[in-house]
Amino acid sequence: MKLVTAIVKPFKLDDVKNALQDIGVNGLTVSEVQGYGRQRGHTEVYRGAEYKVDFVPKVRLEVVVGDADVARIVDAIVAAAKTDKIGDGKVWVTSVDDIIRVRTGERGPDAI
Amino acid sequence: MKLVTAIVKPFKLDDVKNALQDIGVNGLTVSEVQGYGRQRGHTEVYRGAEYKVDFVPKVRLEVVVGDADVARIVDAIVAAAKTDKIGDGKVWVTSVDDIIRVRTGERGPDAI
Amino acid sequence: MKLVTAIVKPFKLDDVKNALQDIGVNGLTVSEVQGYGRQRGHTEVYRGAEYKVDFVPKVRLEVVVGDADVARIVDAIVAAAKTDKIGDGKVWVTSVDDIIRVRTGERGPDAI
Amino acid sequence: MPEINGADTAWVLISAALVLFMTPGLAFFYGGMVRSKNVLGMLMQNFFSMGLVSVLWVLIGFSLAFGDDIGGGLLGGFDFAGLKDIHMGTPLDALGFGAPLTIPVLLFMAYQMMFAVITPALITGATADRLKFAGYATFLGLWLVLVYSPVAHWVFSPHGWLFKKGALDFAGGTVVHINAGIAALAVVLVIGKRRGWPRDGMHPHSLPLTLLGTGILWFGWFGFNAGSSLGANGIAAQAFVNTHLAAAAGMLGWLLVERIKAGHATTLGAASGAVAGLVAITPCAGYVGGLSPLVIGFAAGVVCLLAIGLKTRFGYDDSLDVVGVHLVGGIIGSLMVGLFADANVNEGIKGNEGLFFGGGEGLLGKQFLAVAATIAFSGILSYLLAQLVDKTIGLRVSEDEEIEGLDSSQHAETAYVLGGIGSMGSGGSA
Amino acid sequence: MPEINGADTAWVLISAALVLFMTPGLAFFYGGMVRSKNVLGMLMQNFFSMGLVSVLWVLIGFSLAFGDDIGGGLLGGFDFAGLKDIHMGTPLDALGFGAPLTIPVLLFMAYQMMFAVITPALITGATADRLKFAGYATFLGLWLVLVYSPVAHWVFSPHGWLFKKGALDFAGGTVVHINAGIAALAVVLVIGKRRGWPRDGMHPHSLPLTLLGTGILWFGWFGFNAGSSLGANGIAAQAFVNTHLAAAAGMLGWLLVERIKAGHATTLGAASGAVAGLVAITPCAGYVGGLSPLVIGFAAGVVCLLAIGLKTRFGYDDSLDVVGVHLVGGIIGSLMVGLFADANVNEGIKGNEGLFFGGGEGLLGKQFLAVAATIAFSGILSYLLAQLVDKTIGLRVSEDEEIEGLDSSQHAETAYVLGGIGSMGSGGSA
Amino acid sequence: MPEINGADTAWVLISAALVLFMTPGLAFFYGGMVRSKNVLGMLMQNFFSMGLVSVLWVLIGFSLAFGDDIGGGLLGGFDFAGLKDIHMGTPLDALGFGAPLTIPVLLFMAYQMMFAVITPALITGATADRLKFAGYATFLGLWLVLVYSPVAHWVFSPHGWLFKKGALDFAGGTVVHINAGIAALAVVLVIGKRRGWPRDGMHPHSLPLTLLGTGILWFGWFGFNAGSSLGANGIAAQAFVNTHLAAAAGMLGWLLVERIKAGHATTLGAASGAVAGLVAITPCAGYVGGLSPLVIGFAAGVVCLLAIGLKTRFGYDDSLDVVGVHLVGGIIGSLMVGLFADANVNEGIKGNEGLFFGGGEGLLGKQFLAVAATIAFSGILSYLLAQLVDKTIGLRVSEDEEIEGLDSSQHAETAYVLGGIGSMGSGGSA
Ligand SMILES: Nc1ncnc2c1ncn2[C@@H]1O[C@H](COP(=O)(O)OP(=O)(O)O)[C@@H](O)[C@H]1O
Ligand SMILES: Nc1ncnc2c1ncn2[C@@H]1O[C@H](COP(=O)(O)OP(=O)(O)O)[C@@H](O)[C@H]1O
Ligand SMILES: Nc1ncnc2c1ncn2[C@@H]1O[C@H](COP(=O)(O)OP(=O)(O)O)[C@@H](O)[C@H]1O
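Residue numbers (the working numbering), protein chains in the order written: chain B, 2 to 113; chain S, 2 to 113; chain G, 2 to 113; chain W, 27 to 456; chain C, 27 to 456; chain X, 27 to 456.
Since the hints were made in silico from the structure, they are not lab data.
Check the hints yourself; a few may be wrong.
Stated by the list, open to error - The calculated DSSO-like cross-link candidates involving lysine-lysine, where the alpha carbons are at most 30 Å apart (straight line), are:
#1 W:K417 / X:K287
#2 X:K110 / C:K376
#3 W:K110 / W:K191
#4 S:K83 / C:K219
#5 C:K110 / W:K376
#6 X:K376 / X:K190
#7 W:K219 / B:K83
#8 W:K219 / B:K86
#9 B:K53 / G:K83
#10 B:K53 / X:K219
#11 G:K86 / X:K110
#12 W:K417 / B:K86
#13 S:K83 / G:K53
#14 X:K219 / G:K86
#15 S:K86 / C:K417
#16 C:K417 / G:K53
#17 C:K219 / S:K86
#18 W:K191 / W:K376
#19 X:K287 / B:K53
#20 X:K190 / X:K110
#21 X:K219 / G:K83
#22 S:K83 / B:K83
#23 X:K219 / X:K287
#24 C:K287 / W:K287
#25 C:K110 / G:K53
#26 W:K219 / S:K53
#27 C:K287 / X:K417
#28 W:K110 / X:K219
Here the structure is a predicted model, which is why all the values come from computation and not from measurement.
Looking at chain B on its own, in the form it has when it is part of the complex (with noise of 0.2 Å):
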């Protein structure tokens, strides 16, 4: 199984929600994130003073898939976060050992 964790603009992460939805994704887990990288972040104004704020506010998907999905969910988040602006973010695919539903106890794809 993989990890499959994605960093988004958050007004897509309702998009890319959707869009796992429809391919049959049934859970995901999402935290705010803060961001830097090539987009800069903004300048603030702070009593006529301008203060330069690195970061930028971002959506963070972490969705546990089996091997075989690993391909069809990244072009899906990909596809769903895409605004070919400067900061749409990373998708990265990661490497699980093993994963258990906590109510069931069940292992491996199962759980998922």
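Here the structure of chain B is known, so what remains is to put chains S, G, W, C and X with the ligands in place on it, guided by the hints.
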């Protein structure tokens, strides 16, 4: 070494933490996440209209452990987090190449 | 490629980020986490009674890097995050199978 | 020669302060309902009215509203522009009311100023999350002078044509609520919906902030309604009681329907119902008595909640329901005057009682007229002003700015930095 | 024939508004102390009292409290039910006070209404995080009519038996604080502890919100105590000074003990100590002078903090310490009247002075009686009412609902949506 | 024998309450601007002043300020220490003002107490994020008695040397704003900069909280300025109008410069500009009229924003710009009196008019003197007191405590626990 990642119900965090303490785990990292899965979100009412909220608050634990301890730790988490209700969460295990303790520069198992 | 994950003290984030910038890292993702470890939490007073808070605020950095850069990057983080006080945190390394840049669809090292 | 009455002055002084306090209250009431990336934009739009409108009011607004009539009771002249002839020595009968004021004319001007400040601010609830600040500021100034002042003249000035006709509006059902409510609809039709509405939820980002606003509004409304008696007297007491009871009944009415309709009584519902009741009682406050405020408030709570459904049916994005609450609530109240106005409460209206209290349809007709005139005038003019500003300066932000949020795109600020990360901005060049 | 006094009317008008403002203040004071999943539940319980209690008050509560006595000074009749005979024309001596009122009777009714609103709201601090809304709403209505109105009659009405006996309660030490405090204990005994108490910390989710509530309460308390003189006079000034000094001394007392006991002076301690001082001075406000308020407030700050320890010792979950602060503070204040009441401050009590100011034990005895009677009556009746509601509608939420939190389970809302995620609700069907 | 005037009493009662409410307002204004780990520390420093200063004021401060002069108009005596001779029976001419008071002397004492409470609290904005609580508490008490009381005596007491000289300060330009502003600079020079300043951004953690504070301050300032007429009269009305207009113009001035300078009009700018205008109008409020307040407020808004740049140039960390806003704004206002004071507004100053209103440079000279004297006395003494406390108890926290934040290190509390995790504290030992 392995990284054990667990998604559990927030009100179970204390129990899980204590269970891990009891079996000698002396470090872990937690964060607040939102989960989407079989456990459907709840419905909210906004000025007489109803809205479905898809995400459910969860807590995410990360524990880096020695290979030998993985099984015990996973079991301890599952046992402590279980409510037998849908939405209890997942635990997954990934491999860690190396770990360093910032303070001392120790590497590998000693750094845990 | 590797994913370097670091748990550091919040007030060190700026230093770590700058250190990574200096060695040419041009992207990373951070999030707020709570840590439990040797560094004991603090005590709070609530209407004359004392309570122990077990968790300590930490910041979590994730950087996906090419295999060649791992060592330099880990060292840079450790050097920048170090205060020699307990609770300085951990840095761990895991393997990344693949990474995609959402905007361009680039894969692998080019996507970093 | 008439004398200033200290007690009346004390009461109107604090009432004016209370009405001023309502605008921050409104800012929080609205601000809590928007998403966190737009809260500063909302607060700014409201606070800015305290700045710009106040200055315009003394320079020209007050004069257009309360200056000598330029004809037909349609508009006041420039007599008082720049506070000319409005100072400590101004005779108490200078404004031409039937009886001379018992408070300094300067104080009357200040009290009215607070009404002028909050009225256009009410509009910002409908246009939440998408106004360009420069465009808003321009619209705000134009609207105050060209829409608010004339309507205030019609109804509040003794020279106004509706005032002369005998239409009753104790504290601003037409001038404030209908006026702002219809303007809100007009502007919304010009700028269109928020991106993603109605598909996305757009939940309130901080209901405690909204409840804070509600508490301040309720508190300040005593100054708004009971202060409108311009004295510390029995009518003030009656208006005070009516205001409170209508708010209470409005809350109960809204919650009841919500519980039946959606299965839950919500805190936002409690807040919204109370405001609906307060809106509806505003024109009635000094004219009705007994248990009438319970009927008026309850009706407003129920009807306003139902009226909110209209926006989804007709597809206009009245984001925080200014139309549903202020336009509809204002109409309810203005017409209720025609039913419940009671000469035993306010002998000043003898011969002009409401239908249920010995009067005929006469008053009700005048109230209809006042409502219709305000809707027509304010609706049309507000629409044209919005179009004008939109075509020139631009009244709406770009899509990117809307996605980014008003706080960052319009004001270069972040509302909340609760964790460690966001505050790590560096540099700083004074 | 007695005349309305404008100055007194102005002062009581604003005082009534201030007291109303205290209920939102209380909501934030409590709301900041609960966990974020229960804050709306807390705010709702308080705001709802502004709705339901106000309506019940005019329909029946005021009449039971201030109507002609039905015998023994135990309860008022139905004379004023539905505001019958309470209107602008009501003669100023209609309520039977020794001297006729100098303000409209209608205003007196409104001022008392605000006391009726906040008193039951005080109870919600003890029952935090676990009340079922429908059960709470029912209890609230029953308690107001069956417990609050009678006790108000005893002490505040000239026909009341404690009033006649000469027991002194300037602004509600017994009627408001002891009454609510003992009721809080009774309800807590019926519904039991919060899940996880006392093992889990349950830290306040927003102390700034609690401090906001504290600021509003302190501000509003001037209307509560100084307004109780029902006029803009020397006694109002004295009550104003006493109120402020007791709050200040209460804060210092609490912080001192906290610093000694736990090593730190906390902001919650500053807030709690000030409230303790305000509670204790309430019955004394118009009867004591000089530096007495410093003694009274300081004592309250110290004793209330120590009294809070009782709940862990005896194992009742008085969640936000209503018993420790309002019951204990109310008792302290009511008895302090028996020690510090000074006829030079309030000549109305000549012959009924406190022990330290030329009186004997006489007054102290009456104060004991008033305290005991209130505790017995309110304690027993509140317990029975809570049982009744619990057995029928249910007064406590299920365990799942408690874990989920009141905001979501009772009101289908989320208090804060600060990040992007939570607000991603979809659909929406008006 | 002079009589208490009810109307004046009613107005000063509510004004005193409004001024008290300003201190929580200030706490939120400042609290929102600091980082979330220091917000409780800031709130505590302000609320604590409501406790400690109030007690010290009645024990000694009021007497030193308004007691009979001990010589040269420099300081009052101990006549009124512990409220000796200050009670309900105190004759209205006891303080030696030209005309006897028309309100209870006890109320005058209370009204002045609220000024004493907020003035030292103003200082805390400059020293944000690094004061040790015990050291702050000590400094607060010493400063109130040794710095505030004398300056209040000079200017507000009829026996004061500046009062006698004819320097004008209607509501505290010198006593409150310049006094606190220069003290802030002095303390900052003693304790040094925040760790990381000016390199790190240190963004405000909650601008909505800051705007809440702004709303409360604006509201309360009506009591501060219009209440200073000590009566419900024409001058109160004029002061009310001036206060509001200066705030409005200050907001516009600040935003204009900000927009030009940095490209955006910010909400913090709107708040800051309004406060700058309010500060500047404070000494002028009862002496100027017409459109003068617009000029005064606008000038303050522009100049204060520019003045803020000084701290980076000179490298002193006046964290929340107390120097830039209160010292500079206070100086602007105090000098503006010398230009705009108008005897038609306040006949009491006939023969002492401002330069633009028929007077010569006479008044302007006196104003310069008052400004200079206050700066010299308060600046030097505050510096010495800060040194004294720093060398003994310690006035600044350790670096570790500063990194940890004041909330946790000084008060053992956490301001916000919005998610589930932080609240998982366990144990709890009452
Ligand atoms: N090497 C990296 N490791 C981890 N996260 C990264 C890395 N590079 C970029 N990111 C994340 O992806 C987001 C977008 O990257 P950015 O360089 O701004 O735009 P783009 O991906 O379009 O080139 C960043 O905000 C950050 O959260
Ligand atoms: N495939 C997945 N990848 C990552 N997280 C998941 C996945 N499936 C479920 N989760 C997480 O586990 C939580 C519980 O899953 P859910 O399906 O609701 O209940 P259960 O695990 O009892 O079947 C979800 O809220 C989500 O946070
Ligand atoms: N085994 C672990 N797995 C995951 N995170 C850990 C682990 N041990 C420690 N941490 C994280 O590192 C932080 C610092 O660890 P701690 O033991 O307190 O200090 P140190 O690393 O200096 O020994 C903890 O707060 C926690 O967030």
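Hint by hint, work out which the structure violates, then give me just those numbers in ascending order. 11, 16, 22, 24, 25 and 28
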